[in-house]
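Peer 1: Please take these sequences and the hints and turn them into a complete structure.
2 protein chains.
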Amino acid sequence: MSKPKGFEKPVGVRDYLPRATKRLRRIERGVLDCMARWGYETIKTPTIEYYDTVGIASSTSDRKLFKLLNNRGQTLVLRSDLTAPIARVASSLLREEPLPLRLSYHANVFRAIEEEAGREAEFFQTGVELIGDRSPEADAEVVALAIASLQAAGVKTFKFALGHVGFLNGLFDEALPGRSEDQKALKERLLHRDYVGFREAAESLGLNREQQEELEGILRLRGGREVCDQAAGLSRHPLALESLRHLCSVWEALDDYGVSEHVLIDLTMIGDFSYYTGMVFEGYAAELGFPVCSGGRYDNLLRQFGRDVPATGFALKTNRILDGVEDPSPEEELPVLIVYDAARRAEALAEAGRLRTEGQAAVTRLANETGESAEAGDGGRYARVLLFTGENAPASRG
Amino acid sequence: MSKPKGFEKPVGVRDYLPRATKRLRRIERGVLDCMARWGYETIKTPTIEYYDTVGIASSTSDRKLFKLLNNRGQTLVLRSDLTAPIARVASSLLREEPLPLRLSYHANVFRAIEEEAGREAEFFQTGVELIGDRSPEADAEVVALAIASLQAAGVKTFKFALGHVGFLNGLFDEALPGRSEDQKALKERLLHRDYVGFREAAESLGLNREQQEELEGILRLRGGREVCDQAAGLSRHPLALESLRHLCSVWEALDDYGVSEHVLIDLTMIGDFSYYTGMVFEGYAAELGFPVCSGGRYDNLLRQFGRDVPATGFALKTNRILDGVEDPSPEEELPVLIVYDAARRAEALAEAGRLRTEGQAAVTRLANETGESAEAGDGGRYARVLLFTGENAPASRG
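Sequence order for the protein chains is A and B.
At the far end of the first sequence sits residue 627, using the numbering used here, and the numbering has no gaps.
At the far end of the second sequence sits residue 627, using the numbering used here, and the numbering has no gaps.
Each hint should be verified, as a subset may be incorrect.
Since the list can't tell identical chains apart, any single copy or any two copies may satisfy a pair.
[To be verified] Restricting the straight-line Cα-Cα distance to at most 20 Å, the calculated cross-link-like pairs of lysine to aspartate or glutamate (EDC-like) are:
1) K232 with D291
2) K234 with D244
3) K296 with E351
4) K234 with E410
5) K293 with E445
6) K251 with D501
7) K251 with D262
8) K413 with E326
I should point out that these hints are in silico values taken from the structure, not numbers from a laboratory.
Peer 2: Here it is as structure tokens:
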């Protein structure tokens, strides 16, 4: 392995130059301000956590965790999401706070990557956790807030798909009782949206016609509010039916929020099924073509940190939004350039201070001794040039 | 080593709860906005860098670097400052940009720590780099901006001390020609402000009276503008004299900025002498008692990345400011609580939306079926409570 050159950086990480940083900060500010208006308070957690606590509790697969050793020989991880760290905080420092907790975050997260092109090892997430409320109202609130957050980030056209892990769990238990490996294989196919593979796998299980139709029926459960009723005809399993009632209640609340036009029901959607326990959802931006938001209910996570309370939330995939959303104000506010000679420096610096107080960016520069034009080479960098040189009154050029 | 418990986090890292996060974000925003008005554009660099590039170039001692291995077997580091990463960016992605570059940042940085109480393994820095200008004007600009940045962060009373590595290097070369180990030992004492140890070391070197007085004279070079003249009497070494002229020019420019009342000259101050090449400075807040800002000129760093240009800059120690500065608005803007029953949900959610559009935070909640008072247990959490329950017109309570 040859030594990296001075200007190289590791695979999967990036530099954000001024224009991208400005967009990123605008998204961060807009989204966190939106979340604050919904009563969500921002917290920050460390970049480094124990593998044995947050690492294990996170939904990230072990091989994708970025691990390191401290000098006590303990394994640490770079955080791979904020949900597990916030569960830790809710179970420790915020243990005595009355429920529900409404918390928001904007943070970088890490994934150890294989040698694949274009996979990011470090990226940003902006999201919320609503902790201590198991009602459909709580799930609807986070979906409605996800919609408001995408709008605050500048995404104009998007759709959200809602599913429910409990519906699928109930239906699979009914169609394939006790066959957890077969259930898992089918769920993996749904997770990867491999519907052809799902159908093939269902056919290979040696089921009777009714069971087979029940399983294949799942693939038709995508659409509007009517999907809830269709799905109710597919299963009599109590968990499946209870999950459907919950999901319908979420949809109705979203209708009352006035946002159901953005929402589809997709009961083939399963999310990370080792992690989510109820409603799951994803947001897609028309401009971008891949998910820009994912979330759901994870009622079992906080128990791992010693506080057994339900929770629901989402994370925006901030980098995808950043790379896909246009800059709303392409004309940058350029600074004023103030050029002075030694004798008039105090006067020039006072003028720069005055402009800055007014919110105008100003850059100052001692005039070139050769008498070369002050603006040489500065084309397009400055809004205008103010000269404090010689005996003259300040001249404005540019 | 026992396994860490679920709620534990590694030594040296911290969680920022909502109040601290709000203060941190206010400082970040205030300071970066201030820097933007001085023409500095914010950039972001990755958390992870190659040890062989940024790790080696950073001013952090090797044992304090947080190291990890990637799956190619390369050694990576968690960034320990932003100066080396920005030098890398200035030498690669920004290589074609006209000089000077004015760049700002707000970022978390990492130090592997010994088992010492209270040392932080992760903390924030907010700073600038002015790249491509070797003039005293450039040094004065970063000091004046450091002062403006501390003010923007809410620090009210502070002093800045200016020194110059070149002056000390010249003077030591004159007093101890060729004795680089002895010079280094004396510099170490100055770095740790061990003036008694410095005097003892100077006495043990077997110097003549004149040389000894020259070395001990350094310790008196702390004060106002007059120190420049005193220092000029102490050495005839060309580098020392040239450095003094530069430092006096910086001070005079700071006087023209109208900020010299905040500035002292302290020629015993040496900064990290393997890194800084010219002026060095530190800022102290009266409220805090330890440095809240450090900076200086580092003309040799960018050469390591293949672009041989001079640079100067500073970093605020943002955590120290955070922990020391009072919250300027202790009365938080509390959200309004909106309680509704099922029949009036759409009306209640519309009101919540209206309030949020006006910038008022609002939290919504389905009324408790037991008829329990909606505000029970919410004392102090909400500005007021709006009820959308029963047949009545919306009632305001609280």
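Peer 1: None of the hints should be skipped; say for each whether it holds.
Peer 2: Here is how each hint holds up against the structure:
Taking the shortest Cα distances, K232 and D291 sit within 20 Å of each other only across copies (18 Å), while inside one copy they are farther apart (28 Å). Taking CA atoms no more than 20 Å apart as the test, K234 paired with D244 passes inside one copy only; the shortest distance there is 16 Å, against 36 Å between copies. Taking CA atoms no more than 20 Å apart as the test, K296 paired with E351 passes in both settings, with 14 Å inside one copy and 16 Å between copies. In this assembly of identical chains, the alpha carbons of K234 and E410 never lie at most 20 Å apart, being 48 Å within a copy and 32 Å across copies at closest.
Taking the closest pair of Cα atoms, K293 and E445 never come within 20 Å of each other, the shortest separation being 32 Å inside a single copy and 58 Å across copies. Taking the shortest alpha-carbon separations for K251 and D501, neither the intra-copy value of 33 Å nor the inter-copy value of 32 Å comes in at or below 20 Å. In this assembly of identical chains, K251 and D262 lie within 20 Å of each other by CA distance both inside one copy and across copies; the values are 16 Å within and 11 Å between. Proximity of K413 and E326 under a CA criterion of 20 Å is satisfied in neither setting, with 38 Å inside one chain copy and 54 Å between copies.
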